[in-house]
Every structure is written in C-alpha cells, then in structure tokens.
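Visitor: Here's the letter readout for the chains.
2 protein chains.
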Amino acid sequence: VPISAALLVVGNEVLSAKCADENGPHAIRRLRGLGVRLRTLAVLSDRMDDIVEAVDRERRRVTWVITSGGIGPTHDDVTVKAVARALSRPLVRNEALAGVVRDHHRERLGEDAPEAALRMADLPEGARLVGDPKFPTIAVENLFVLPGVPRFFRWQLEQIAPILAGTPLSLGALYLTLGENPIADVLEQVAARNPDVEIGSYPRFDDADHRVRVTVEGEDAGRVRAVLDALRAALPGGAVAREDEP
Amino acid sequence: VPISAALLVVGNEVLSAKCADENGPHAIRRLRGLGVRLRTLAVLSDRMDDIVEAVDRERRRVTWVITSGGIGPTHDDVTVKAVARALSRPLVRNEALAGVVRDHHRERLGEDAPEAALRMADLPEGARLVGDPKFPTIAVENLFVLPGVPRFFRWQLEQIAPILAGTPLSLGALYLTLGENPIADVLEQVAARNPDVEIGSYPRFDDADHRVRVTVEGEDAGRVRAVLDALRAALPGGAVAREDEP
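Chains A and B, in that order, give the protein sequences.
The first sequence lines up with residues 267 to 512 when you count with the working numbering.
The second sequence lines up with residues 267 to 512 when you count with the working numbering.
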C-alpha cells in the first residue's frame, strides 16, 4: 500500500490574504521526493471545530497527517487542543517538552520560562517527541504537529522525513498536438486497463508546441514505460510531439 | 451574517508536484477584495469520493462553494459528476450549454462538436449558467464550478464576482518589540471582550524591527481603531514599534 499523507495548514492569515502559504508548496515538493502520496492539502481557519473535523477525517484515510501552524502561546493557537479533541485524548503537561521550553528560556534568554510558554507543553495524552531533541516535533498516533513559521516548518519536516518515507514515483509524459476531445476515449480505455499507474491529462490553450500533456506515473518505471508505449500505439499517428522518459 | 466561501481545487497535478496551484492564491486575494470570507481552501485529488465528501461538507457551512478544475472531457475530469452526486441530482444534458459547445466548435474550429465535448454539457439537474453567455460558469445551488486552467479560472471568477460580493474588511496592525509569551494574556482578554473583530498574532524570528505583528480585522473601521487603542493601552509601554492604521 503506498504511503499517503494529508497536510493541514492552520492559517487564518493565509485565507485572509495577509500572507502567502509557503509551507504547502514546500511540503508538496518534499513529500513527492520522499515517495509519499499527498492526498489533500487543506488550509483551515483557526476555528476549533473545523480543525477537529479535518484532523478526525484525514487521520482515518491517510498514513500520516501533518499539521502546520497554530501552536504558539496566543489565543489564536488552537491546533494542539483541536488534535487532542479529535483524538479524544485529554491535554496533559508533557514534562519532556516543558524541560525543552525551560532550557530554551534559560540558555537563550537567561530567564525562567513564563507560564504562557509552558502551556505549549500541554499535549494530547500519549504524545511523543520525535526529531531534534532541542527542537522536537510533536507526534501522536499518525499525526505530526509542526510549527507554521516556514523556517521552522521546513526544519522539522526534514527531521521527520525518515519516518514518513515511502516509495518514489516514476513520471513519464507525452506531449500531444491534439486537444483533449479526440483523445478522451483512448485515455479512458488505457487508464481502465492499467490501474497500477495513474494517467493525467493537462490541456493548455496558449501557443506552446503541444495542446495536451499526458502524464503516466507509477512506482515501477518499466510499467510506466509500457503504458506510455500503449498510449502511443493507440493514439493517431503524428499525435505525439515529444516525450519525457520516466 | 458575513458572506463566506470555500474553495475546492481539484488538482492531482498540484498534489503530485507537477505544477503549482495558481488559482488558490489568486482567489484568496480576489475574495478578500470582494469582502468574501474564505473559510477553507482545499486541494483535492481527483478521487470521486473525496470530492463528493468535500462538496457536501462545505456547501452546508459557507455561503458559496467554488470549485476549480476537473471539468474537461477526459477520464480524470470528475468534478461535475462529484457535484451531482453530492447534491443527489442526476446528470442531464444541459441544452443551453450543449448549444454553446456546438457554436464554439462550429465558429472556432469549423467542425461539429464531438460527443466527448458534448459530454461536458451533462450537468446536475437544475444547474444554471451564469456570467458570460459565450463562456458561461456552471452554477447549482450555492456552488460555482470553474475551470482549472488559470486564465479561464480568473476570467470566470470575474464574471461571478458581482454575485459573490460581501462586505470588505478593514485591517489594522500593531508591530511589537515583545515576543508572544508576554502578550498572550492581553491578547486573549481583548479578543474575548471584542468578538466582532478578529485578532491575529504573527511572530517572526528574524532581525525585523518587530517580533510580533498583531492584526485586528472587522467590517467597521471605527471598531478596528477602537480595539487597536484598547490593545495599545493594555500592552506595556514601549511595546509598539509602529502601527498600520485601518
């Protein structure tokens, strides 16, 4: 079974156009490289109910759920609470994380950690800390709770990358001089006969050298090549302008 | 009640890193300008069940659902079918849209429309055509079904903009020299006392002139100004480096 993931970006600031989402685009590329199939990417507001609902839905249908954002000490940081509620686990102070927060404040800021900072160590019961011990990632069941600040998100994603890893996909493509209408039936038939690969069709309407890019993706490069051959054979002569080998 | 929206981008090609989503970022900015509150943006694969589930969920909790992509003639274009299923409406050929497709093929390509193209006129029963009569947008209940090609998506979004329009928000911000920990309690109290505005807190960890940007948003600029004043009064002296007026 392919390793799959859902990414939940908790980002009022993204939805209200205050800033662009950097974590979604980064994670898409990185998960692709790791061979993890991203099934959905949702940007959510910081409404507790919406986050609870999304976490509960996605955790049941993918291998890994990754959240981004909403884990600071202020009133709009509700992700950890929402995860606890979605998993029906009480929030309890995680002493290991509280220790990390205390050390950070003592070493970096030369002060005792305030209660607001320590509240960030209140985690769903049974949560684990993974990755860098100095800047750990919160994990519970099949969820990873990552920070929203892009630099920190990217860092923690690298830390958990070895845990996530799946099987990378091979991608091949045919660039066609025909539009989608005359090829629709061929694609449908070849797709139905080859359920182990995924066939996509992407039209364009500019003056490029092709009108449709047909992609074939799968874990086995040999199978991708075979399906590209099957498509080429089934399409009208001269339809293929060029090709990307898997 | 504020006008709200959900944007569902049907985009296997986005999730698999074949191309970046342009429609989400564009729609975020445009909806903001129109005064429509975007409650969620989800990028979905072209799995029928996922789209059905998302359409059915979102249509119940926002004013408008906008979909992007998956409406061409090929096997991976399943959005219209998914919308029909989510609304429990049968697919029926929409004769007005079939006429548009026929005219397009006759005028632009000098040929009869093939059946694959006419299948794009099979719509959920009761669907309406809105916007430009030559390039209409499919609407049914509170859903708008837009194309995924960015140029066409943007065009159709402009066509339906007058239908969507809500009340634009005023935005003000305080740029603070303090981090989030010492301000968390103040923000929570002021937010609880002013539920008609939305208060956000966005930390940064670089060498900018501020460590946290606190935003206040609401329909009434006078109320935004009043809440900015209340925050300034409740924060320690010297905490505000600068300010954006609403």
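Hint data in this document are derived by calculation from the structure and do not stem from the laboratory.
Any given hint could turn out to be false.
[To be verified] For the chain B half of the interface with chain A, some residues (derived, Cβ under 10 Å), not all of them: (1) Ile-269; (2) Ile-294; (3) Asp-312; (4) Met-314; (5) Val-318; (6) Gln-425; (7) Ala-431; (8) Thr-433; (9) Tyr-441; (10) Gly-445; (11) Glu-446; (12) Ala-450; (13) Ile-465; (14) Tyr-468; (15) Arg-479.
[To be verified] Output of the computed footprint for chain A on chain B, the stretches with three or more beta carbons under 8 Å from beta carbons of chain A: (16) 327 to 341; (17) 393 to 407.
[As the list claims (entries may be wrong)] Restraint ranges, calculated between C-beta atoms of paired labels, are given here: (18) B:Asp-462 x A:Glu-511: 56 to 64 Å; (19) B:Arg-355 x A:Glu-511: 39 to 47 Å; (20) A:Gly-365 x B:Gly-504: 52 to 60 Å.
Every residue, glycine too, gets a C-beta built ideally from N, C-alpha and C.
Visitor: For every hint, state whether the structure bears it out.
Guide: Here's how the hints hold up against the structure:
Interface restraint check: Ile-269 of chain B against chain A, minimum CB-CB distance 14 Å, threshold 10 Å, status violated. Given hint, Ile-294 of chain B at the interface with chain A, holds; its Cβ is 5 Å from that chain's nearest Cβ, closer than 10 Å. With 10 Å as the threshold, the beta carbon of Asp-312 of chain B comes within range of chain A, its nearest partner Cβ sitting at about 8 Å, so the hint holds. Checking Met-314 of chain B against chain A by beta carbon gives a least distance of about 13 Å; that is not within 10 Å, so the hint is violated.
Nearest Cβ of chain A to the Cβ of Val-318 of chain B: about 13 Å, over the 10 Å cut. The hint is violated. Given hint, Gln-425 of chain B at the interface with chain A, is violated; its Cβ is 17 Å from that chain's nearest Cβ, farther than 10 Å. The interface hint given for Ala-431 of chain B is broken, as the beta carbon of that residue sits about 16 Å from the closest beta carbon of chain A, more than 10 Å. A least Cβ separation of about 14 Å between Thr-433 of chain B and chain A goes past the 10 Å threshold, and the interface hint is therefore violated.
Taking 10 Å as the C-beta cut-off, the interface hint given for Tyr-441 of chain B is violated, the closest approach to chain A being about 13 Å. Restraint check, Gly-445 of chain B versus chain A: the minimum CB separation of about 9 Å is within 10 Å; hint holds. The interface hint given for Glu-446 of chain B holds, since its Cβ lies 5 Å from the closest Cβ of chain A, which is under the 10 Å cut-off. With a least beta-carbon distance of about 4 Å to chain A, the hint placing Ala-450 of chain B at the interface is held under the 10 Å criterion.
Contact between Ile-465 of chain B and chain A, as hinted, is supported at the beta carbon level, the nearest pair being about 7 Å apart and thus within 10 Å. A hinted interface residue such as Tyr-468 of chain B counts as satisfied when its beta carbon comes closer than 10 Å to some beta carbon of chain A; here the least separation is about 6 Å, so the hint holds. The restraint placing Arg-479 of chain B at the interface with chain A holds, with a minimum CB-CB distance near 9 Å, inside the 10 Å limit. Chain A is given as covering the segment 327 to 341 of chain B, and this holds because 4 residues of the stretch bring a CB closer than 8 Å to a CB of that chain, at least three being needed.
Counting residues of the segment 393 to 407 of chain B whose beta-carbon sits less than 8 Å from any beta-carbon of chain A gives 0, not enough to reach three: the coverage restraint is violated. Taken as a hint, the range 56 to 64 Å holds for the pair Asp-462 of chain B and Glu-511 of chain A, whose Cβ atoms sit roughly 59 Å apart. Against the hinted window of 39 to 47 Å, the Cβ-Cβ separation of Arg-355 of chain B and Glu-511 of chain A comes to about 44 Å, which satisfies the hint. Between Gly-365 of chain A and Gly-504 of chain B the beta carbons are some 32 Å apart, a value that contradicts the proposed interval 52 to 60 Å.
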